[in-house]
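> Below, each chain spelled out in residue letters.
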Amino acid sequence: MKERYEIILAGSGGQGLIVCGMMLGEAAILEGKNVVQTQSYGIASRGGFSKAEVIIDRDEIIFQQVQKPDLVLALTEEAMEIYASGSPEIPVFYDTTLLKTRSGENLYGFPFTEMARELGHTGTANMIALGVMSAVTGLVKMESLAAVINKRFSGKVAEMNIKALNLGLALAAK
Amino acid sequence: MVETAKLIQGNQAIAEGAIYAGARFFAGYPITPSSEVAEECSRRMPRVGGVYMQMEDEIASMGAIVGASLAGVKSFTATSGPGFSLMQENLGFAVMAEVPCVVVNVQRSGPSTGLATKPAQSDIMQVRWGRHGDQIVIALSPSSVKECFDLTVQAFNLSEKFRVPVILAADEIVAHMRENFTPPAPGELQVIDRKKPTVPPEQYKPFEPESDGIAPLAAYGSEYVFHVTSSMHGPEGVSNNNPANATWKVSQLHKKLELYRDEIVLTKTFDVEDMDILLVAFGAVTRAARAAAVEARKTGIKAGVLQLVTVWPFPDRELAQLAGRVKTVVVPEMNYSGQVAGEVRRVLGPDPDIKQVNKFNGQIITPQDILKAII
Chain A
1 MKERYEIILA GSGGQGLIVC GMMLGEAAIL EGKNVVQTQS YGIASRGGFS
51 KAEVIIDRDE IIFQQVQKPD LVLALTEEAM EIYASGSPEI PVFYDTTLLK
101 TRSGENLYGF PFTEMARELG HTGTANMIAL GVMSAVTGLV KMESLAAVIN
151 KRFSGKVAEM NIKALNLGLA LAAK
Chain B
175 MVETAKLIQG NQAIAEGAIY AGARFFAGYP ITPSSEVAEE CSRRMPRVGG
225 VYMQMEDEIA SMGAIVGASL AGVKSFTATS GPGFSLMQEN LGFAVMAEVP
275 CVVVNVQRSG PSTGLATKPA QSDIMQVRWG RHGDQIVIAL SPSSVKECFD
325 LTVQAFNLSE KFRVPVILAA DEIVAHMREN FTPPAPGELQ VIDRKKPTVP
375 PEQYKPFEPE SDGIAPLAAY GSEYVFHVTS SMHGPEGVSN NNPANATWKV
425 SQLHKKLELY RDEIVLTKTF DVEDMDILLV AFGAVTRAAR AAAVEARKTG
475 IKAGVLQLVT VWPFPDRELA QLAGRVKTVV VPEMNYSGQV AGEVRRVLGP
525 DPDIKQVNKF NGQIITPQDI LKAII
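Going down the list, the sequences are from chains A and B. Heads up, the first sequence is in my numbering, so the first residue is 1 and it goes up one at a time. Heads up, the second sequence is in my numbering, so the first residue is 175 and it goes up one at a time.
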């Protein structure tokens with residue numbers, strides 16, 4: 001189990017990347033970790049490059065920004081261009097509904113948005129992504145993410161997000 | 175109930191810190207990157223019996239918190255560059271009329287509307303000298319979510335104790351950052367309330383300092399009826415153009431803070447015991463400096479960090495004492511001109527080698543940026 005993770009969630013404004021980063025951070029807190037989540041965005045509330053960063057560590061997190069990502073989620077071509085060209089060891093997860101398919105050992109393309117649409121709401125795409133990313137890398141436990149979902153949402157919304165999380169988990173098994 | 179760690183944003187911690195400190199009035203005009211302070215207050219103030227007031231602009235916001243404070247309620251506002259500029263006139267009023275209040279300035283890139291969503295530390299001199307007239311101002315600068323909370327409480331305490339406006343000079347990085355944070359239990363942090371008059375109403379002089387140098391402040395609407403003016407005034411609060419009175423008044427505004435200088439000036443140090451290089455930082459950049467010091471030590475360079483928790487009054491003695499041990503001082507800050515580096519030069523004179531690391535394009539200073547100046 002790694003002691004420290006640096007994660008980049010990149011795409012465009014309105015894709016829910018910051019909420020996604022917050023939920024990941026909240027899950028890590030449940031596991032007793034320190035978390036710093038930062039964000040960078042432009043002046044538009046929709047569209048434009050947007051990025052959430054999450055650092056999870058057993059120890060104190062001194063510098064607050066990601067310097068060497070262990071994991072990337074890319075939801076736009078622009079984000080992919082920026083981060084896929086990095087180290088070939090860094091796993092990059094991306095949405096094949098929104099981006100063209102690429103090949104590479106570190107590239108994990110899944111149709112998150114299409115799967116979310118089938119589930120009933122495209123807003124759950126990020127949860128599918130968090131599910132598969134956590135399952136593949138051991139970032140946080142599924143139970144922690146489920147606990148965060150149940151704390152944040154209730155009723156049908158919570159139910160749908162749990163389903164999304166499980167879809168992500170199932171993708172990892174493939 | 176024991177509070178558990180939550181993922182909390184800096185701006186949210188500022189709002190919660192204010193409520194913890196006893197603030198029950200917020201007036202503001204939301205502006206990036208401070209808007210979440212207003213947002214949080216709009217939700218939380220009504221629940222704690224306080225008032226959230228959305229104003230038409232920042233001039234009115236500052237006026238409203240001065241008024242509310244004079245009515246006896248701990249008050250604050252939050253803004254960024256353009257709004258902070260508009261607040262200067264009424265902020266000066268608060269200085270002259272000795273009205274306790276807290277102004278949160280979440281610094282963003284300028285000049286003018288600049289890069290609205292990007293961080294900067296370029297208001298440091300505006301915080302100090304933004305108003306006309308001679309005065310001292312207290313400004314604190316947080317580097318983490320925890321410090322956003324703690325220093326907001328501290329800002330209210332200093333403000334209440336000394337009857338002065340206090341500025342929380344945050345930056346976009348800490349304001350928008352989220353960290354795991356456990357809010358302190360009630361009573362865990364000290365909360366100071368302003369001194370109230372003990373004399374009968376007819377004997378009350380609103381601007382007459384007691385032996386501690388501070389005048390008690392009654393509340394508007396109470397049995398104490400008093401006059402407040404931004405013009406030169408005597409202990410009774412009415413206009414007074416006598417030169418002797420002006421000498422007394424301007425001196426008193428300075429002396430009441432000079433007297434308590436050591437209580438106001440807060441700093442933190444990291445790895446300074448055996449250092450050869452001193453990094454002087456404040457706000458979020460403290461973290462890059464600390465990380466740079468850790469990295470430098472891996473290459474055998476002994477670097478230490480002085481964090482200016484209080485930016486104004488400038489921690490001159492603390493800096494001079496530490497800088498005496500080193501040949502090189504490095505000042506990283508997110509502005510072009512080196513607003514704090516200039517102060518460091520003023521304090522240390524020409525002897526040490528003072529290097530600046532400046533970034534002013536909305537991007538964050540990294541440990542590597544600082545290391546380049548060290549190695």
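Don't read these hints as lab results, they were simulated from the structure. The beta-carbon is built from N, C-alpha and C at its ideal position, and this holds for glycine as well. Any given hint could be a false lead.
Some chain B residues close to chain A (C-beta under 8 Å, calculated; not the full set) [to be verified]:
#, residue
1, I182
2, T291
3, T356
4, P357
5, R461
6, A462
7, A465
8, V468
9, R471
10, K472
11, T473
12, I538
13, T540
14, P541
> Can we keep the B:R471 interface hint, with Cβ of chain A closer than 8 Å?
violated (13 Å)
> Would the hint on B:R461 stand, with a C-beta cut-off of 8 Å toward chain A?
Interface hint status for B:R461: holds (5 Å vs cutoff 8 Å).
> Tell me if B:V468 is really an interface residue toward chain A, meaning its C-beta lies closer than 8 Å to one of theirs.
B:V468 check passes; min Cβ-Cβ to chain A is 7 Å, inside 8 Å.
> Does the nearest C-beta of chain A fall within a distance shorter than 8 Å of the C-beta of B:T540?
Since chain A brings a Cβ to about 7 Å from B:T540, closer than 8 Å, the hint holds.
> Tell me if B:K472 is really an interface residue toward chain A, meaning its C-beta lies closer than 8 Å to one of theirs.
Hint violated; B:K472 Cβ to chain A Cβ min 14 Å, cut 8 Å.
> Tell me if B:A462 is really an interface residue toward chain A, meaning its C-beta lies closer than 8 Å to one of theirs.
Hint on B:A462: holds, closest Cβ of chain A at ~6 Å, below 8 Å.
> Does the interface hint hold: is B:I538 within less than 8 Å of chain A, judged Cβ to Cβ?
Holds. Min distance 6 Å.
> Tell me if the interface restraint on B:T356 is satisfied: Cβ within less than 8 Å of some Cβ in chain A.
B:T356 check fails; min Cβ-Cβ to chain A is 10 Å, beyond 8 Å.
> Tell me if the interface restraint on B:P541 is satisfied: Cβ within less than 8 Å of some Cβ in chain A.
holds (5 Å)
> Going by Cβ atoms only, is B:I182 closer than 8 Å to chain A?
This hint is violated: B:I182 lies away from chain A, its Cβ roughly 10 Å from the closest one there, beyond 8 Å.
> Taking 8 Å as the limit, does the beta-carbon of B:T291 come near enough to a beta-carbon in chain A?
holds (6 Å)
> Can we keep the B:A465 interface hint, with Cβ of chain A closer than 8 Å?
This interface hint holds because 4 Å falls under the 8 Å limit.
Hints 1, 3, 4, 9, 10 and 11, counting from the list given before, are not met by this structure.
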